[in-house]
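Okay, here's what each chain looks like letter by letter:
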Amino acid sequence: MGELRRYFDDIELGEEYESPGRTVTEADIVIFAGLSGDYNVLHTDAEIMKQSIFGERIAHGLLGLAIQAGLFTRATQAYATLAFVGLRWKFKGPIKIGDTIRLRAKVIGKKETPKPDRGLVTVQRSVLNQRGEVVQEGETDLMIERRPRP
Amino acid sequence: MTGSYFEDVPLEHVEETPGLTITSAHVAIYLGLTRELAADGGAVPDVLPLCFTTGLGWRVPKPPLVVLAFMGLDWQVLRSVRVGDTIMSRSRVVTKRPMRDAGVVVEEREVVDQRGEVVQRGRFTYLVAKRTKETRA
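As you go down the protein sequences, you meet chains U and L in turn. Counting from 1, position 112 in the first sequence corresponds to residue 481 in my numbering; the numbering is continuous, with no gaps. Counting from 1, position 12 in the second sequence corresponds to residue 14 in my numbering; the numbering is continuous, with no gaps.
Certain hints may be false.
To be verified - Below, in silico cross-link-like pairs of lysine-lysine (PhoX-like), each with a Cα-Cα straight-line distance of 25 Å or less:
{"id": "1", "chain 1": "U", "residue 1": "Lys479", "chain 2": "U", "residue 2": "Lys459"}
{"id": "2", "chain 1": "L", "residue 1": "Lys135", "chain 2": "U", "residue 2": "Lys461"}
{"id": "3", "chain 1": "L", "residue 1": "Lys64", "chain 2": "L", "residue 2": "Lys98"}
{"id": "4", "chain 1": "L", "residue 1": "Lys135", "chain 2": "L", "residue 2": "Lys98"}
{"id": "5", "chain 1": "U", "residue 1": "Lys459", "chain 2": "L", "residue 2": "Lys132"}
{"id": "6", "chain 1": "L", "residue 1": "Lys135", "chain 2": "L", "residue 2": "Lys64"}
{"id": "7", "chain 1": "U", "residue 1": "Lys479", "chain 2": "U", "residue 2": "Lys419"}
{"id": "8", "chain 1": "U", "residue 1": "Lys419", "chain 2": "U", "residue 2": "Lys465"}
{"id": "9", "chain 1": "U", "residue 1": "Lys419", "chain 2": "L", "residue 2": "Lys135"}
{"id": "10", "chain 1": "L", "residue 1": "Lys135", "chain 2": "U", "residue 2": "Lys465"}
{"id": "11", "chain 1": "L", "residue 1": "Lys135", "chain 2": "U", "residue 2": "Lys459"}
{"id": "12", "chain 1": "L", "residue 1": "Lys132", "chain 2": "L", "residue 2": "Lys64"}
{"id": "13", "chain 1": "U", "residue 1": "Lys484", "chain 2": "U", "residue 2": "Lys459"}
{"id": "14", "chain 1": "L", "residue 1": "Lys132", "chain 2": "L", "residue 2": "Lys98"}
{"id": "15", "chain 1": "U", "residue 1": "Lys475", "chain 2": "U", "residue 2": "Lys459"}
{"id": "16", "chain 1": "U", "residue 1": "Lys475", "chain 2": "U", "residue 2": "Lys461"}
{"id": "17", "chain 1": "L", "residue 1": "Lys98", "chain 2": "U", "residue 2": "Lys461"}
Calculated directly from the structure, the hints in this document are not laboratory data.
Whole structure, please, built from the sequences with the hints as guidance.
Here you go:
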């Protein structure tokens with residue numbers, strides 16, 4: 370499988386990807402609440418949320434973030450990722466039950482590091498809903514292996 | 003609604019949560035939910051400890067923030083976490099910015115493992131409700 374992963378050297382600045390869509394269901398939210406332990410009323414109390422600015426329960430922001438990480442793996446061939454280094458992220462709008470989200474991503478940075486076997490790749494990401502509205506966006510920094518020298 | 007309103011949030015107070023041992027069951031549920039790909043059997047996907055820190059915040063005596071919206075985060079992954087590691091979360095509010103009907107709260111958070119090493123850290127920004135006539139203390 371190793372040869373199918375793309376090394377730092379293979380990834381080009383400006384590359385763009387778009388993922389398939391994924392419909393976020395009530396079950397996703399319930400499972401994420403159980404897994405994370407985050408039972409905030411935003412995600413779990415349909416009655417209180419009727420009175421809120423959203424009008425209904427919304428997905429956890431971090432559920433959207435986690436789902437886009439999975440969508441990234443379906444948008445492009447796997448990177449030879451050594452580590453996820455960090456992210457800067459904004460939640461711009463709600464993801465509601467039944468919304469279908471997809472990821473649009475672009476490579477906006479490539480930096481060599483002091484270590485010769487790896488480089489830092491920055492990917493700008495937007496999560497869009499079925500109406501094309503950006504509901505989340507940000508940048509992620511990934512440490513990627515360099516192609517091994519023969 | 004019960005909870006900590008904007009006015010109730012103390013600055014610079016350090017809150018520490020109980021621990022959570024990360025199991026392969028957590029990882030399996032997470033991978034099924036997100037369809038992230040597993041690196042190897044014992045690896046914990048990097049976003050998962052970040053997700054746990056929000057739930058761990060519900061396991062302290064202080065009532066949770068009355069969050070109207072989670073606005074964003076800056077996050078750094080310093081070390082990888084393995085199945086079997088026990089993490090806890092430490093947080094403190096570093097900035098409060100009042101607005102008309104609500105307030106912006108910035109919280110610094112760390113995820114710490116059983117060796118006391120900070121494995122992830124960053125800043126969360128929330129929009130938090132102010133007290134109204136009905137919820138005035």
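Exercise. Checking against the hints above, which ones are violated?
Worked result: The structure breaks hints 2, 7, 10, 11 and 13; every other hint is satisfied.
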